[in-house]
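Put the two chains together into one complex; each comes in its own frame, and the hints tell you how they fit.
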Amino acid sequence: MFRSITIAAMVALVALTGCATKPQLPVAMKTDTLAPQVRVGVALTAVPKADTYLPGAGCLLCMAAASMANSSLTAHTKTLASDDLAMVKTQVVESLKKKGVQVVAIDGDLDPTKFPELPNEPNLSNRDYRRLQAEYKIDKLLIIRLEGVGFLRNYASYVPTSDPRAWVKATGYVVDLRTNAYDWWQPVEVLRPAQGKWDEPPRFPGLTAAYYEAIELAKEQLVQPLQ
Amino acid sequence: MKRPAWFAALWAEHCVRPPSWCAGLALASLAGLASAQSAPAPGTAAQAAGSTLSPAALPQVQLQTLAIRLPAETLLRFRGQSADEKSQGAAGGMVYPGGAGLAGLIAGVLTHAVMNDSIRSSQRKAEEEAADAMLRPYRPVLDQLLCAEVLAQAAELAQLAQKARIVPAQEVVDTDWTLKIAPVFYMTPDQRAVLLDADMAVEKGIGSDPVWRKRVRLMSPVTPAATTPQSPWLDEDGRRLRHAARHLLSRAYRIAMEGATQAPVATGEAAPERTVRFWEGNTKRFERGAVLKRDDCGWALVRNLRDELLSVSLVEGASMPPLSAPGEDCVLQEAGKAVAPQPAASSVPAASSSAVATAAAT
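Chains as they are written, first to last, in the numbering used here: chain F, 1 to 227; chain P, 228 to 589.
Chain P on its own, in the form it takes in the complex (with noise of 0.2 Å):
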């Protein structure tokens, strides 16, 4: 890439809140495009279609505005994952009276139907109960977790290319992109792991169709061994569990972002499909899917069968899970022997690392 495309990209990708480096980034680029005259960089054309720019003719350039739109509860949703699968399997037999007829025959097939059905529904719904009443050591964290706090931190966190800010649900906003999303957090079985699970859609200007709606599942990665499950997450007023979910939304709002603007070549749509073994949790799971995208530690974006887009650490990647998420320093759990992480709090987005080194660089 020439010399002013380079600087006018740099400027675009990081500069999201601009600090005083990158208005000298921008008019560096802009003044290389007016003399250089070389291909503009994607959101510059407007900028080098002018052949004698002076910088008092500038034009100032605009971050795009996004709404990102809170959902309807008040407090994210939290739920245990079931481990247990019965409702899914074999409900119970039955023997059909005789000689009751082709009516009687008819009857008792419906009848059987209606109690298997039954069976089945009220497993499926002991399962989710027995899955929820997991969580009970840590509704007092849980219930201080705000979705218009929580879903904030996150837009700030996941540095966005677009200047965001939530808006309450029926709120009539003006911005470039608007970012619907429905979140629900599920704790994993062996509670070493928090998984998000949310339809996200996204629209461009106000009261369009969405230019991209899809389910996301995000996992964050494995608390390290503990006396208790609950330890990790609920130390120091529940530290870890609110980063977690933080860091899970900002990463959600990145791929809709993403996904949003750029073109389906630039996120991997056309790789192959094939079976991924991936960590929920400590556990192993499988999912046939297309990997989009690898980042390091193992952790990988995967579109599974029915379209939707997972944020998993693949088995292939580490012998273990990873105890970092995707971003931030790699740290693998070893077989038998579990490594403390860095603070949840000094951990820092690939984005930014990015932007410091680059600005270190220039």
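Chain F extracted, bound-state conformation (with noise of 0.2 Å):
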């Protein structure tokens, strides 16, 4: 009996760890990571297209009860530009002018699935982006990662948690392309509500308001450090 018990027990510690990736937390900028004879090349990824996400919504009924109750303001947030997101990548080129690093800014959005896969490892790139150390002529890549833009809204099953809150999450790196280790690991997540009353349908002004609002501050979040 205590065996079985045993070994239940350990399938179940397996079963519960053995799949999981620990997620890379936070490295702090390290000193000679922008030194001035350093070259670096700044990146960005694409700029996601503005959307509602109502985590906690978790069965189907639910999902589909959530998105009908949302459905006015996913349409607003269709309508929303997030361009302001990419002058980001200049607004990091220019700090490190000022900081008499050598910047070369790279053409296009970055996507990071195009270059080889590399083992998960704490501190270490998961891609090898070694061609552009050539096609460059960078030592470091520094990349600013848009992950998601919009609005976030708790859901509890049927049930909203929260109010909708404009949302911007993003990830600022920079790697080490001869060591393919992490110099700096930012990651950025901004929830900000609307001021006053939120269900203002069809254009949302308080929202909107807030949207732009974590947008620039995600901005002043990902910057801060290079600055």
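It is possible that part of the hints are untrue.
[Unchecked claim] Pulled a few chain P residues facing chain F out of the computed Cβ check, cut under 10 Å:
no., residue
1, 340
2, 342
3, 343
4, 504
5, 514
6, 516
7, 531
[Stated by the list, open to error] Here are the computed lysine-lysine pairs in the DSS-like style, where the Cα-Cα straight-line distance is at most 25 Å:
no., chain 1, residue 1, chain 2, residue 2
8, P, 511, F, 98
9, F, 169, F, 30
10, F, 89, F, 30
11, F, 89, P, 511
12, P, 511, F, 169
13, P, 441, F, 197
14, F, 197, P, 352
15, P, 511, F, 197
16, F, 78, F, 89
17, F, 169, F, 78
18, F, 89, F, 169
Calculated from the structure, these hints are not laboratory results.
All values derive from a computational prediction rather than experimental measurement.
Positions of the beta carbon are idealized from the N, C-alpha and C atoms, including for glycine.
Structure below.
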């Protein structure tokens, strides 16, 4: 009996923890990362389209009910421009230039999935960006990864447990192209509520203002460590 | 602008309560109009229509009248601005009872919704009470700020183009314009600035629909750094706090009357929307809107997405929040060092500054 319980506990332990990938923890900017003699490439991933996110509406029926309840907000969200986020690349380049760093702006949107995959290891990049080292003659690559922008509203099954809030998620990181190690890893997540009431269809002015505020705050949080 | 029209415009702009030199300007403008037959300035069409005007036949130029209606309250409403936003965030989850059927599920969902509303409502109330508690040290001064008194002082300070008087809420008046205002003042969480939120409506004539109706939000300049945040407001029997209330109201009057009497082009209605960054006390805030008008010291008039008007100092215009209000001599706060502003009582609005300069030139 005792053996059976032990085996069951071990199976449960392996099942629960065996496949989990450790999330990358923040890495503080190393002192020599942005030294004047270092050539740094700056790249930005594609700017995501604004959307609504309804975490917590778990079951299929819950998701359908939540989507229906927020349909006018979703329709409005899809009309919002997220181009302001792309300005972060220019801001990063300017900040680094002010510090005397030799900066090279990488053209176009960077798609990490188009680079060879590497094994997941803490504080090491899981993509091999070395071909950019030769192409742009750079030592380090600073990537701003834009992960999501729009509105987030928490649900517990069928019931909203929060008002919708403007949401931006991004990560800024520097990969040393010689060692593939992260010299900096900074996740940024901004949530801003509407000032006053939020439910003002069809233009949702309070939430729209919060949306643009969240974009500015996210840019500020990404650029600040580089100043 | 030709000389007669220029004189007339000058008169119309600056001679709210005409001193003797204003009367001279009026006569000069009318005489000039009669002789030169030039295009009339606004408000002088009637005079320009007559080709042979003699001083005896000159019609009296009447100032338009304005009634500013008192709000229902006796004292100005002051509140603390809440910095906490927990009530707008997430409330609690809930596990629904299993095996209760569809009716049980619906009952569970409804109970959950009621609980969430109740939690957020009580959080909001607690936040507001905590913010209002900040005002306790200011109560001795705030309890002396009578609406009738401060609104009248603000009308005098505003130097409007109309002859303004304060009237009780229910009094029937026969004025050219009526201005209704519902002001609420907020102390910012850092207690460095006061902001005025006011619903305003301007009616032309008696009992007409408003020709202009908006909510305006105006920010006071920040106080200089002090040992306690209350002392700059409360020193000298609360002189700065009283002045801030008067000055904010006077700016609100000017915005309302300019909005009601000027064409949309003149008030910059076609400006493009963008995200602006401004000071709220010593804190940077963002707002999406159009910059309608820029003033010195980084101050600007912004129309936000709710069509409200904000008079704020933009962060781009100044690296630190200004210590002076729009229209006053610009005093900027230096980084890490507070510069003492000029005494509030000696500050002069822009309109009167330009009037003095013009008078000297004339």
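Here is how each hint holds up against the structure:
With a least beta-carbon distance of about 5 Å to chain F, the hint placing residue 340(P) at the interface is held under the 10 Å criterion. With a cut of 10 Å, the hint placing residue 342(P) at the interface with chain F holds, because the nearest CB-to-CB distance is about 9 Å. At about 6 Å, the closest approach between the beta carbon of residue 343(P) and any beta carbon in chain F falls short of 10 Å, and the interface hint on this residue holds. A distance limit of 10 Å between C-beta atoms decides the matter here; for residue 504(P) the minimum to chain F is near 7 Å, and the interface restraint holds.
Contact between residue 514(P) and chain F, as hinted, is supported at the beta carbon level, the nearest pair being about 6 Å apart and thus within 10 Å. Hint on residue 516(P) holds. Least Cβ distance to chain F is approximately 8 Å, under the 10 Å limit. This hint holds: residue 531(P) has a C-beta 6 Å from the nearest C-beta of chain F, less than the 10 Å allowed. Distance hint between residue 511(P) and residue 98(F) is fulfilled; the C-alpha atoms sit about 23 Å from each other, no more than 25 Å.
The straight-line distance between the Cα atoms of residue 169(F) and residue 30(F) is roughly 23 Å, inside the 25 Å bound, and the hint therefore holds. Between residue 89(F) and residue 30(F) the alpha-carbon distance is near 20 Å, which keeps this suggested pair within the 25 Å criterion. For the suggested pair residue 89(F) and residue 511(P), the alpha carbons sit about 22 Å apart, so the restraint of at most 25 Å is met. At most 25 Å may separate the alpha-carbon atoms for a hinted pair to count; residue 511(P) and residue 169(F) meet this at roughly 21 Å.
For the given pair, residue 441(P) sits about 17 Å from residue 197(F) by alpha-carbon distance, which is consistent with the 25 Å threshold. Of the pairs offered as hints, the one joining residue 197(F) and residue 352(P) holds, with about 15 Å between alpha carbons and a cut-off of 25 Å not exceeded. This hinted pair checks out: residue 511(P) and residue 197(F) have alpha carbons roughly 21 Å apart, not beyond 25 Å. Proposed proximity of residue 78(F) and residue 89(F) is supported: the alpha carbons are some 23 Å apart, at most 25 Å.
Of the pairs offered as hints, the one joining residue 169(F) and residue 78(F) holds, with about 17 Å between alpha carbons and a cut-off of 25 Å not exceeded. With a CA separation close to 15 Å, the supplied pair residue 89(F) and residue 169(F) stays within the 25 Å bound.
Hint compliance for this structure: no hint is broken.
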